[in-house]
Amino acid sequence: MYKIILQNSIATFLSVISVTIVLLILQVMPFEIYGNLFDGSFGSLDKISRTLLIATIMALAGFALVVTFSTGLWNIGIEGQMLFGAIGATFIARTFLAEYFFAPIIIIIFGTLFGSFLGLLSAILKTRFNVHEIFGGLGINFVASGLIVYLVIGPWKREGIASTGGTDLFPKSSWINGIGDSNFPIYPIIIAIIVFITLFILLSRTSLGLKLIATGTNKDAADKFKIDSVKHILYAFIIAGAIGGIAGAIQAASIHHKLVPNIAGGYGFLGILIALIAGRNLFTVVVISIIFASIMVGGVQLQLRLGLDSSFPYIIESVFVMSWLIIKASKIDSKLLMLLVNKETDFG
Amino acid sequence: MDSLELTVITIVAMSAPLIFAVIGETITERVGVVNLSMEGTLLITALTGFAITIWTDSLYLGILSSALIGGFIAFIIVWINFRFYINQIAVGFIFTIFLWKLSSYLGGDFVRIPGPYLNKITIPILSEIPFLGPIFFDNNILVLSSIILIPLSWFFLFRTNLGVNLRAVGENPIAADARGLSVMKYRFIYSVIGGILIGIGGATFSLEVKYGWSEGHTLNYGWIALAIVIFGGWNPVRASVGVYGFGILQVLSLKLQSVTIGLSQILPLIPFPLMILTLVLIQSANKNEGRWFPKPIRLLIFGNQPQSLGITYKKDS
Numbered sequence: 001m002y003k004i005i006l007q008n009s010i011a012t013f014l015s016v017i018s019v020t021i022v023l024l025i026l027q028v029m030p031f032e033i034y035g036n037l038f039d040g041s042f043g044s045l046d047k048i049s050r051t052l053l054i055a056t057i058m059a060l061a062g063f064a065l066v067v068t069f070s071t072g073l074w075n076i077g078i079e080g081q082m083l084f085g086a087i088g089a090t091f092i093a094r095t096f097l098a099e100y101f102f103a104p105i106i107i108i109i110f111g112t113l114f115g116s117f118l119g120l121l122s123a124i125l126k127t128r129f130n131v132h133e134i135f136g137g138l139g140i141n142f143v144a145s146g147l148i149v150y151l152v153i154g155p156w157k158r159e160g161i162a163s164t165g166g167t168d169l170f171p172k173s174s175w176i177n178g179i180g181d182s183n184f185p186i187y188p189i190i191i192a193i194i195v196f197i198t199l200f201i202l203l204s205r206t207s208l209g210l211k212l213i214a215t216g217t218n219k220d221a222a223d224k225f226k227i228d229s230v231k232h233i234l235y236a237f238i239i240a241g242a243i244g245g246i247a248g249a250i251q252a253a254s255i256h257h258k259l260v261p262n263i264a265g266g267y268g269f270l271g272i273l274i275a276l277i278a279g280r281n282l283f284t285v286v287v288i289s290i291i292f293a294s295i296m297v298g299g300v301q302l303q304l305r306l307g308l309d310s311s312f313p314y315i316i317e318s319v320f321v322m323s324w325l326i327i328k329a330s331k332i333d334s335k336l337l338m339l340l341v342n343k344e345t346d347f348g
Numbered sequence: 349m350d351s352l353e354l355t356v357i358t359i360v361a362m363s364a365p366l367i368f369a370v371i372g373e374t375i376t377e378r379v380g381v382v383n384l385s386m387e388g389t390l391l392i393t394a395l396t397g398f399a400i401t402i403w404t405d406s407l408y409l410g411i412l413s414s415a416l417i418g419g420f421i422a423f424i425i426v427w428i429n430f431r432f433y434i435n436q437i438a439v440g441f442i443f444t445i446f447l448w449k450l451s452s453y454l455g456g457d458f459v460r461i462p463g464p465y466l467n468k469i470t471i472p473i474l475s476e477i478p479f480l481g482p483i484f485f486d487n488n489i490l491v492l493s494s495i496i497l498i499p500l501s502w503f504f505l506f507r508t509n510l511g512v513n514l515r516a517v518g519e520n521p522i523a524a525d526a527r528g529l530s531v532m533k534y535r536f537i538y539s540v541i542g543g544i545l546i547g548i549g550g551a552t553f554s555l556e557v558k559y560g561w562s563e564g565h566t567l568n569y570g571w572i573a574l575a576i577v578i579f580g581g582w583n584p585v586r587a588s589v590g591v592y593g594f595g596i597l598q599v600l601s602l603k604l605q606s607v608t609i610g611l612s613q614i615l616p617l618i619p620f621p622l623m624i625l626t627l628v629l630i631q632s633a634n635k636n637e638g639r640w641f642p643k644p645i646r647l648l649i650f651g652n653q654p655q656s657l658g659i660t661y662k663k664d665s
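In order, the protein sequences belong to chains A and B. Counting from 1, one number per residue, gives the positions in the first sequence under this note's numbering. Counting from 349, one number per residue, gives the positions in the second sequence under this note's numbering.
Incorrect hints may appear among the rest.
Unchecked claim - With a cut-off of at most 25 Å between alpha-carbon atoms, the simulated BS3-like pairs for lysine-lysine come out as follows:
#1 A/Lys331 <-> B/Lys468
#2 A/Lys172 <-> A/Lys157
#3 A/Lys328 <-> B/Lys662
#4 B/Lys662 <-> A/Lys219
#5 A/Lys335 <-> B/Lys662
#6 A/Lys172 <-> A/Lys47
Source of the hints: derived by calculation from the structure; they are not laboratory data.
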């Protein structure tokens, strides 16, 4: 455990160095950027709240990927599952149910249902029709985004005008608000913690989790032990879709308060990047989500103070992930750690 | 010129970048590599072509540099796959985001600069022939080469020895290796060639279809191209039919814009459900469920996915 943390710290440090190099090549000042990113994401309670809210959404997206990764499959359809979660949320927000105090709970439940439906669709394409999950997932993402555009300018359009600007605002009673007067996202955080604990127990303490992982690690062996891999792939995608749906419902009910065409905001895709680093480790998902969310939220300050393009958070994150994967693949971090540890023992 | 003829010419011209991109990706995937960075590559090469043309005042230098960048990106993706055994899809995905955002940063100075564009090469008399004349004898070199590329790439893939070897590497790298083909060499060379074509596609976009540069200039074309490659069953001719079909959809959505803004946004997304449908058909054909189709129709709608597509090749395993 201790060794893994040290190794990951080294890998993080090296990845930051390569991000720094890329920023220098792009002729911007890296340390000024890092300072502003930190200040812009943790500088005040308001900024911290915003960062944590985004981090929750990214972490949920990351969790959704981890579940299918454990069966050895990609959940590229995460963006679409988030969109469907948002559609489910909007569906409830437009009914009489939205007027009651418990509306947010129903919104989350419907987001979960809608998301898991789309997850199931990906899984059926994969298991029944043998469609590669990457292409199936991508296709489903675009179909879902087409459906949202249709809903926003069609049946759910605002009174009088049909524009892609979004639907009417949800009734206030259905918003997921912060705690007290602040916008500290306590409820999304609680939801994310519940999902985290459930997944942790599911993956490491139950036989279902073991079977999911068995399906992913060695399908032939799993078949020999009479583990129905098709069934477990379906389970994994339903769970993943449900988590993605929650993320989408939170997006709709707590950030936008309405349905807009790009409601997933690319956080699903960032969730994929996060899961690429984390592999099957839920805790790493949380850590990287907070880091990435702070980069996204702090990125707003880059635009305001340094006049930098809004693309920088993405550039930093993608370079970070690429370097991390290469460092891990070439085992530079463990070699460096061995070097350091050996030196210590020489002196000791 | 009547309006039908004009529409056909517009569709052929509009489809040129997608033809390059789709055929480039088809060749890449036939050799067993997925270049998922398509959207990013198209954006960065569209910017490169435009920027270099403005700096050097030479369209041909612009196209050349786009081609080089496209090839270079493909090289890096394959190299990372061979050197570190990192999944091609992961690398392609990261590159998509990186190149997309890089293009919007680097392109900041080029937004809405009036763009240079390619002149038409007009051959007298021949260009008077209806339909064929304006397409073949009164068009710019990029559109013309996009049309020529279709039969050329088909012939190369399916009627030459090199093409057979290329497909063998994509189908079964271990067997190809046993027959003395260097999997690494084949994957590098043809992915780079594919990348070069995708790069030219990017340049075609900013120099021929939508002059100039704006953020997210290529309108999801990269993802659409990936979908059309599958729709085309990894066959350049069928994929090109898909591209022109998509061109018709686009013209339709432009015409319908005045009627309803909804359809114009949703029609361009049709390739994606079609892609899923194609994959379903292909797989059910392989599973003996599609046997009831007569053979010619089967050949037409079913395809053959390269068996080692996207799978990392390790020589010693």
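Looking at the structure, which of the earlier hints fail to hold? 1
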